[in-house]
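A.B. asks: Those sequence lines, one after another, are chains X and S. If you read the first sequence in the working numbering, its first letter stands for residue 1, the second for the next number, and so on. If you read the second sequence in the working numbering, its first letter stands for residue 1001, the second for the next number, and so on.
Simulated from the structure, these hints should not be mistaken for laboratory data. Treat the hints loosely; a few may be bogus.
To be verified - So, partial list: chain X residues that the calculated Cβ filter (under 10 angstroms) puts toward chain S: (1) G80; (2) R84; (3) E95; (4) R285; (5) S288; (6) F302; (7) R316; (8) E342; (9) L343.
Computed from a predicted model, the values in this text were never measured in an experiment. Where a beta carbon is used, it is the ideal one built from N, C-alpha and C, also for glycine.
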Amino acid sequence: MTAAEALNGFFDDAEAAFTDAVARAGKSVERHVEVARHPLRLRFAGAPLADAMMPALRHLETPPATPSLTVLVWDLRSTGVGLRPPPWAALPYFERANMRGFRDDRFVLVYDRGTRAFSAVDNVEGRAVHWKDDAECVSFTERAAPLRHLLGGWLQGTGLFITHASAVGRASGGVALSGRTGSGKSTTAALCGRSGLGYLGDDNIVVSASGEPRAYSLYGVAKLSRDTLPWFPDLSSAVANPERLDAEKALIFLDHATCPPMVREFPLRVLLLPRVLDECETRLRPVSGSAALRTLVPDTLFTILGNPGVTVRGLRRLVEALPCYELALGRDRARIPGVIAELLEHA
Amino acid sequence: MNTRFAVDKSRVVYEVLEGEVLVVNLDSGHYYILDGTAAAIWQQLVDGATPAEVAHALSTRYPADGETILEAVRRFVAELTEEGLLAASDRATAWQGGSGAADAGDLGPTFVHPVLNRYADMAKLIQMDPIRDFDETGWPRRPMPPER
């Protein structure tokens, strides 16, 4: 039996297990979302994982449409239905970043030891499964960025990729903010969103780098540190994890009706590399594409499990196509959105 | 010095931009910046040149530094292979010539020893113990809680 045949059989078994899980759960929850103009159907066996995952995706919800991908989601604890492991022994799998994975042109498999969740995508048949052991144990990352490995694996077949960046802007164009944790990108995005620029996403955005670079929203979340949360008093009542702020960033779910409002996509005009500066004023300084690539590539490759070759080539096209600036963030935070808005005016 | 080398694309990715080479080892989490001589040598090696051919090309440009260049290339190739960025390959295609400098790094008037700038700040994100302990269902066993 070839690996492809074995994986086909694995997906057939997984679909049968999901049917069983729905029967055991007593109901299925179905949601339709659109990611980067691609319709997805998400089917949950029971409500627990739908309740945990959908808040970050609700801004992408659409009426039912013929899906490019159907994702089956369930957990062992609430349904009692397991998933037969994939045929690892028949696959040249890799292990890195707390994950075991496999990837070829058709299939992507990821087991995440940290969250005890498994995702698999069949890009030819347009089917995917996401299974974890316990819907009661959903981590911060799973709530803020649900199905990230699964969606990253699926997007690799569409010419799009997930980038570790935030993005704000208008329909006519926006900026991507890239940098490590602590660089100020989340706070900058939230400040810009509140000042009237559209908020496309924080930490994980979908990017198309072929032709005109374009960013697409993936998760409707803002993540603010305990130090910066008081700067946004209008958001404090919307914090979804108030009891865990000693260990986690404040997680706030956003959609089209919140402030800042979510926007779904815009052409990218500028790439910004923020860093916190101990000065009053916020300043922009042009940087080379290679300097931008140095920030983007390691950050994206090691935090988002996509196809490394596709991701690196895409990021290179991105920095070649866009002017890149270091954004030295001054203490006078009220002025930061104005600096970015003015940059966009002239981009 | 007559071995050809190749990049294992399942473990290493790289891009050349503005004369600088960014190389990422996906297994270790280390990434590397190569510029100048290092970028030129890298480009020639991945294009199929042997270290001897690389040294010869550089010696043509810097005739007074022949022995120095040979030793520098040998050491640099050893460093690249030790870091898992290049591996000897029988299948690597033969070098078609060219200095590589046009694509990767502007070489100055004097020979500068190649430097492999290594960055390890992302490594802790990806290093893990191999998954070897499975339960009766075939999934990795849940880690034991720490003892009190």
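A.B. asks: Tell me, in ascending order, the numbers of any earlier hints that this structure violates.
C.D. replies: 1, 4, 8 and 9
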